[in-house]
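Chains A and B, in that order, give the protein sequences. The first sequence begins at 1 in the numbering used here and counts up by one. The second sequence begins at 1 in the numbering used here and counts up by one.
Keep in mind that the hints were calculated from the coordinates and are not lab data. Keep in mind it's a predicted model, so treat the numbers as computed, not measured. Any given hint could turn out to be false.
Because identical chains cannot be distinguished in the list, a pair is counted as satisfied if it fits within a single copy or across any two copies.
[Said to hold, decoys possible] Pairs of lysine-lysine, DSS-like flavour, derived with a Cα cap of 27 Å:
#, residue 1, residue 2
1, LYS92, LYS22
2, LYS35, LYS71
3, LYS22, LYS197
4, LYS250, LYS22
5, LYS71, LYS22
2 protein chains.
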Amino acid sequence: MMCGSCSNENAFKLMYFKYMDKVRGGIPPNDEAMKSCLDNLSPGTPRLSVLSFHGGFHGRTPGALACTHSKSIHKIDVPLYDWPVADFPRYKYPLEENTQENTAEDKRCLDKVEEILERQTKNSNPCVGIIVEPIQAEGGDHHGSANFFQGLQDICKKHDIVYLVDEVQTGGGPTGKMWAHEYFNLRDAPDIVTFSKKMLTGGLYHKPDLRPNNAYQIFNTWVGDPSKLILLDSVLKTIRQDKLLETTLKAGDVLLSGLRRLENQFPSLLHSARGIGTFCAVDADTSARRDQILAKLRTEGVHCGGCGETAIRIRPALIFETKHANIFIESLEKVLKTF
Amino acid sequence: MMCGSCSNENAFKLMYFKYMDKVRGGIPPNDEAMKSCLDNLSPGTPRLSVLSFHGGFHGRTPGALACTHSKSIHKIDVPLYDWPVADFPRYKYPLEENTQENTAEDKRCLDKVEEILERQTKNSNPCVGIIVEPIQAEGGDHHGSANFFQGLQDICKKHDIVYLVDEVQTGGGPTGKMWAHEYFNLRDAPDIVTFSKKMLTGGLYHKPDLRPNNAYQIFNTWVGDPSKLILLDSVLKTIRQDKLLETTLKAGDVLLSGLRRLENQFPSLLHSARGIGTFCAVDADTSARRDQILAKLRTEGVHCGGCGETAIRIRPALIFETKHANIFIESLEKVLKTF
């Protein structure tokens, strides 16, 4: 695949094909279906949906965009599928001091998912699967618990629909594992995992039963880019040889403990420090403050971005070490003292 | 852009933005629109359509696939927009012996387009534009006349909608000009032209009034691939230095006159020879015959493909010269004699 968006679009196709194959009991589509689909008409063109989450980002092509709910500017004026949206947990930090509320939040969100799946089936617009990020990255670095992700998988298994984990931002090492979902102790592997960005090209891997029945159902001109695979091969070898996942875990520890120290030191400015590996974030008290902090960080020689409404997001490369993490925390402290 | 599909998807977005800007009289979307679009709901998510043609191919992501009508296997079981489809002309060959029928065919197709545009507006699913290939390539090398393409542009201007010419297959030189639509003597440039394949990456160019009002409405992670642009730069320089468009025109003349000689020599096997530059095709009497011809050509050392139901399509690189065209015609003649 060429990018994250089309990786998700093709993952959706695998979901549709599996669902319709089940609906037909394994019998190939009949002539009426094959003919009507050429005109975008039923039965060849079915009504099916994919469930996604408020605050998620999955790309900008139409199917991926219908599953994206992070910023209006990505979606305004674009006609899209009438697909449903569920709530992704919003936790109180520090997690260890708010276990009861956060467990209740997981339950609330999982109940909502079940409710939507049932409503969609009743309304003849059934969900063929769920797409979810391990960490809602573009939407503001919202984390979900292992309990939440396990619960989602249980729901997918109960309803016999596909569990698609979008690792476009989280995949390839920034969390200290190749795939962020490895942290969730899922009872079974996700049905599909999509990736891009750090993986230098787009792609997906999936369970064998999602393989389409026919050639040319999934296809594109370049079917990937060999030159990107050669680069990726070197990246993967370097990650292993230089033990970059360990480096990332160590640097991540310094980052997160530094952010926690700073949110205690400046409680009116920062809160909700969170992260896995170097995939860390902390919220400012307001959007304006967040933007000021980012601007001032640049004058200190540190280029850092934002996500969601108020989050400062940290997204270093895999060669970011503890010494770099220390520089970052020192620079951020210097900036915070100016307020 | 990364590929032909997402070039078209982003062209569609430009069309939606322009249309909705006009609907609002230049006023930015209000809070209700900005909020509702996050949930895929009206008014922020409007109901809009793009008109395409039977036999057309524009890609495999959802918007592009809703405009694709060449083969069922591309579309079956994929939920799509309920967008309308018009007829693309189907001419009788040789063109010069069938002018009256072919002119009537143009008129029939153009009338149908007008009829659909009016119906779509009446049904509150207005068309924001028309997407069309200069030659329906994947669908069977169906050509449209300059008269047809001028008529389409007139209709777009009359209805104040966008005229998008998809040059993903035809662009980059195979017709002997950089863009196939240069042959149509359009009174004005197309509003948008999309390209990919021979251009090594994806992209579009468009009139200035289609520029979005806001940043981040059109965006992706890589916003193109610099390494592909470096390659493209060399390709473009080579096309100019080595006069490859002239080479292509000369080789194309030999190809087309050779195909015409062969269809006269083997009238029960071949018909409807057609082409611009080396972008040539000829139809076999049946699909089975076409496939046999292609298979036998391979045993003669010639790799050639098919498109549509019965077409043999010729798609050489720009370094294909008259001597290669002669080899091809000789090989094809040798194969035809075996039937």
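Hints versus structure:
no.	hint	result
1	LYS92 x LYS22	neither (41 Å within a copy, 44 Å between copies)
2	LYS35 x LYS71	between (38 Å within a copy, 9 Å between copies)
3	LYS22 x LYS197	neither (33 Å within a copy, 36 Å between copies)
4	LYS250 x LYS22	neither (46 Å within a copy, 54 Å between copies)
5	LYS71 x LYS22	between (35 Å within a copy, 23 Å between copies)
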